[in-house]
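Student: Use the sequences and the hints to build the structure in full.
Numbering-wise, my numbering comes out as the position in the sequence shown, counting from 1, plus 218.
All the pointers check out, no bait thrown in.
When the alpha-carbon atoms are kept at most 20 Å apart in a straight line, the in silico PhoX-like pairs for lysine-lysine are as follows:
id, residue 1, residue 2
1, Lys452, Lys369
2, Lys571, Lys425
3, Lys341, Lys268
DEER-style ranges, computed between Cβ atoms:
id, residue 1, residue 2, range
4, Asn584, His426, 15 to 25 Å
5, Phe525, Ala468, 53 to 63 Å
6, Asn584, Lys424, 25 to 35 Å
7, Arg463, Lys268, 47 to 57 Å
8, Thr322, Thr509, 49 to 59 Å
9, Gln284, Asp535, 22 to 32 Å
10, Phe282, Gln512, 44 to 54 Å
11, Asn584, Gln521, 17 to 27 Å
12, Arg442, Glu324, 12 to 22 Å
13, Asn584, Asp336, 39 to 49 Å
14, Ser621, Met224, 26 to 36 Å
Source of the hints: derived by calculation from the structure; they are not laboratory data. We put the CB at the ideal spot given by N, CA and C, even for glycine.
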Amino acid sequence: MAEFTMELNDEQKEVRDWLHGFAADVIRPAAAEWDEREETPWPVIQEAAKVGIYSLDFYAQQYFDQTGLGIPMAMEELFWGDAGIALSIVGTGLAAVGVLANGTEEQIGTWVPQMYGDANDVKLAAFCSSEPDAGSDVASMRTRAVYDEAKDEWVINGTKTWATNGGIANVHVVVAVVDAELGSKGHASFIVPPNTPGLSQGQKFKKHGIRASHTAEVILDNVRVPGSCLLGGKQKLDERLARARERAKAGGERVKNAAMATFEASRPAVGAMAVGTARAAYEVALDYAMTREQFGRPIIDNQGVAFQLAEMRTQIDAARLLVWRASWMAINGKPFTAAEGSMSKLFASETSKKVTAQAIQILGGNGYTREYPVERMHRDSAIYTIFEGTSEIQRLVIARTLSGMPIR
Numbered sequence: 219m220a221e222f223t224m225e226l227n228d229e230q231k232e233v234r235d236w237l238h239g240f241a242a243d244v245i246r247p248a249a250a251e252w253d254e255r256e257e258t259p260w261p262v263i264q265e266a267a268k269v270g271i272y273s274l275d276f277y278a279q280q281y282f283d284q285t286g287l288g289i290p291m292a293m294e295e296l297f298w299g300d301a302g303i304a305l306s307i308v309g310t311g312l313a314a315v316g317v318l319a320n321g322t323e324e325q326i327g328t329w330v331p332q333m334y335g336d337a338n339d340v341k342l343a344a345f346c347s348s349e350p351d352a353g354s355d356v357a358s359m360r361t362r363a364v365y366d367e368a369k370d371e372w373v374i375n376g377t378k379t380w381a382t383n384g385g386i387a388n389v390h391v392v393v394a395v396v397d398a399e400l401g402s403k404g405h406a407s408f409i410v411p412p413n414t415p416g417l418s419q420g421q422k423f424k425k426h427g428i429r430a431s432h433t434a435e436v437i438l439d440n441v442r443v444p445g446s447c448l449l450g451g452k453q454k455l456d457e458r459l460a461r462a463r464e465r466a467k468a469g470g471e472r473v474k475n476a477a478m479a480t481f482e483a484s485r486p487a488v489g490a491m492a493v494g495t496a497r498a499a500y501e502v503a504l505d506y507a508m509t510r511e512q513f514g515r516p517i518i519d520n521q522g523v524a525f526q527l528a529e530m531r532t533q534i535d536a537a538r539l540l541v542w543r544a545s546w547m548a549i550n551g552k553p554f555t556a557a558e559g560s561m562s563k564l565f566a567s568e569t570s571k572k573v574t575a576q577a578i579q580i581l582g583g584n585g586y587t588r589e590y591p592v593e594r595m596h597r598d599s600a601i602y603t604i605f606e607g608t609s610e611i612q613r614l615v616i617a618r619t620l621s622g623m624p625i626r
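Tutor: What follows is the structure, given as structure tokens:
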């Protein structure tokens with residue numbers, strides 16, 4: 219087990235600087251254009267694939283970094299560049315985490331590479347969990363998967379929503395109900411291979427922020443997938459469902475469902491995204507405050523501005539430390555006894571919203587225009603308090619963890 223440290227090693231610093239350079243030289247110059255276009259920035263993704271950032275190898279190296287800091291460091295730098303484009307680059311990772319968290323070694327080896335493709339043939343993946351009537355309330359999920367034993371196939375029907383890369387992805391990971399009586403404990407995750415009949419894109423959403431990232435509904439109409447596409451395999455599912463039924467009869471402890479396992483693994487990474495956006499806005503505001511003069515002196519000479527910047531930097535650093543702690547705990551198998559993963563996501567996302575709003579205030583009228591990036595950063599930051607568990611849900615998870623109450 220790696221010791222917890224707040225100091226990146228030489229290799230990590232080299233990767234960080236490389237990512238920062240890509241974010242500064244490739245992502246930032248394209249940010250305003252793709253935000254306005256509200257389209258997937260394929261040229262930037264392809265460039266990321268060419269240099270090795272959008273690849274299974276890079277993602278795996280960061281994911282399995284025993285310090286736990288590989289993923290949050292990478293997320294912070296990319297989202298420092300631009301949240302919408304960065305999410306287009308890393309959005310496949312959520313589906314990959316779903317397979318890594320729930321799949322067999324054979325499934326991981328088969329499907330994760332197909333989620334990325336290569337520099338000459340870039341692929342995308344989508345993780346599909348939320349539904350029109352089931353966002354935070356995963357127990358209300360209606361998408362059903364029924365096993366056809368004669369053909370060893372699962373038949374999936376339902377509608378997913380808010381899916382990053384939904385409908386345009388090559389590989390979809392879909393969470394569905396296999397035993398409705400067990401509520402959220404009766405869920406399972408399935409791989410839907412490329413070009414599977416019955417899967418189609420529904421509504422594409424026009425969003426407030428992260429507009430360079432494709433978000434859409436995914437419609438599943440009698441989608442048939444082989445039995446091998448059930449993540450973890452049928453034997454493991456049957457055993458888990460049997461345990462859940464026994465515990466339900468006895469009124470016993472909860473069993474984590476597949477979607478929850480994915481979200482728990484990814485929440486610190488979302489916190490790191492929020493830190494990146496907050497840091498970017500803070501740096502713009504600091505530079506502006508040091509160069510903008512009013513009444514014959516830089517506005518940073520005014521305590522009203524200087525104290526805001528001091529608070530912004532303090533909150534950003536505190537958020538990063540919470541993210542790093544949770545990431546280190548996760549990779550080293552330390553249980554989140556106080557919901558540390560949710561803590562990191564909650565604090566970092568709320569910090570990002572606050573810091574980007576303060577940045578606009580420091581820039582005044584300029585901050586409210588699209589000539590300066592803080593306006594876009596503020597719109598982007600709103601998503602961190604919503605996706606992969608709202609701030610309200612994070613507080614609920616933390617409170618119930620501390621009290622020992624079940625998290626449903």
